[in-house]
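Here the protein sequences line up with chains A and B, keeping their order. Add 716 to the 1-based position in the first sequence for my numbering, that's all there is to it. Add 716 to the 1-based position in the second sequence for my numbering, that's all there is to it.
Everything labelled a hint here was simulated from the structure, so no lab data went into it. Careful, some of the hints might be misleading.
The list treats identical chains as interchangeable, and a pair is accepted whether it falls inside one copy or across any two copies.
[As the list claims (entries may be wrong)] As a list, the in silico EDC-like pairs of lysine to aspartate or glutamate whose alpha-carbon atoms are at most 20 Å apart:
1) 777 - 733
2) 749 - 735
3) 749 - 733
4) 749 - 854
5) 777 - 821
6) 777 - 854
7) 749 - 722
8) 777 - 823
9) 777 - 722
10) 749 - 807
As the structure is a computational prediction, the values presented were derived from the model and not from experiment.
Number of protein chains: 2
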Amino acid sequence: MTQPLEGILETALYAADLDAAEAFFGGILGLEKVSRQGNRHLFYRCGPGMLLIFNPAETAKPVPAGALAVPSHGASGPGHVCFRVRGAEMERIIERLEAAGVPLESDVCWPNGARSIYFRDPAGNSLECAEPRLWNLE
Amino acid sequence: MTQPLEGILETALYAADLDAAEAFFGGILGLEKVSRQGNRHLFYRCGPGMLLIFNPAETAKPVPAGALAVPSHGASGPGHVCFRVRGAEMERIIERLEAAGVPLESDVCWPNGARSIYFRDPAGNSLECAEPRLWNLE
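In isolation and in its complexed conformation, chain A is listed as follows:
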């Protein structure tokens, strides 16, 4: 049976403070914002997919009558996302984080030689930048 799920189109993180999230993901990481809806969500394009940042206090509410029937969701506690970054670009990310005063929490060399760096967004989510060869995905 072939695989009808071609890949991941949307990856979600949760953050209560969307202003802080926007300063971080747009301002520091430089992601391309697609839209923001008040204090509910902030959507970014990231390569062939989307990074969606939701305020769980809003998205956990039941869907209002008459709206599109998008099911509720909303997590708390630190989530995790890893961005795909190629070797030489890793230093550019590190420079941006340093310039913005965002500490690197960890810098890991995996057994297969791939490198990962870890840092936190303002909501405390664990973010990683890794070379795709970490997963043999080039």
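Knowing the structure of chain A, use the given hints to seat chain B on it.
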């Protein structure tokens, strides 16, 4: 400034019951398992990225001394992931879910004509399958 973040390499969901998660993501959705570590995590390949399912009771623990310094994380409550699916494949997914007794929670036609279906994994995460034109990502 160009964008050094090429895309998302790892997307995470959280589930306390990894046996149930494995039956669902491997058995019903047919994702390709890369590895499982006991009751800690379950890793799947999904197209050009990875879907990582973590038991937050394990991943929220501090890193043991001597291990690779991978920062802790772990969320609770329903998260969200959307899979990229092309038109005709949507019906195959729906058939699989029906055959497995997984109810569709919602079937949405967005204003731009793209279709999304929604359902839950055993942990209660909100999963979606959507056509990439939802985000003008073809």
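Comparing the hints with the structure gives:
1. 777 - 733: within (17 Å within a copy, 25 Å between copies)
2. 749 - 735: Classified as within; 13 Å inside a copy, 37 Å across copies.
3. 749 - 733: within (16 Å within a copy, 35 Å between copies)
4. 749 - 854: between (26 Å within a copy, 18 Å between copies)
5. 777 - 821: between (33 Å within a copy, 16 Å between copies)
6. 777 - 854: neither (40 Å within a copy, 31 Å between copies)
7. 749 - 722: Intra 24 Å, inter 15 Å, cutoff 20 Å: inter-copy only.
8. 777 - 823: Between copies only: 19 Å across chains, 38 Å inside a chain, cut-off 20 Å.
9. 777 - 722: neither (30 Å within a copy, 33 Å between copies)
10. 749 - 807: Neither, since 23 Å and 32 Å both go past 20 Å.
Violated hints for the displayed structure, listed by number in ascending order: 6, 9, 10.
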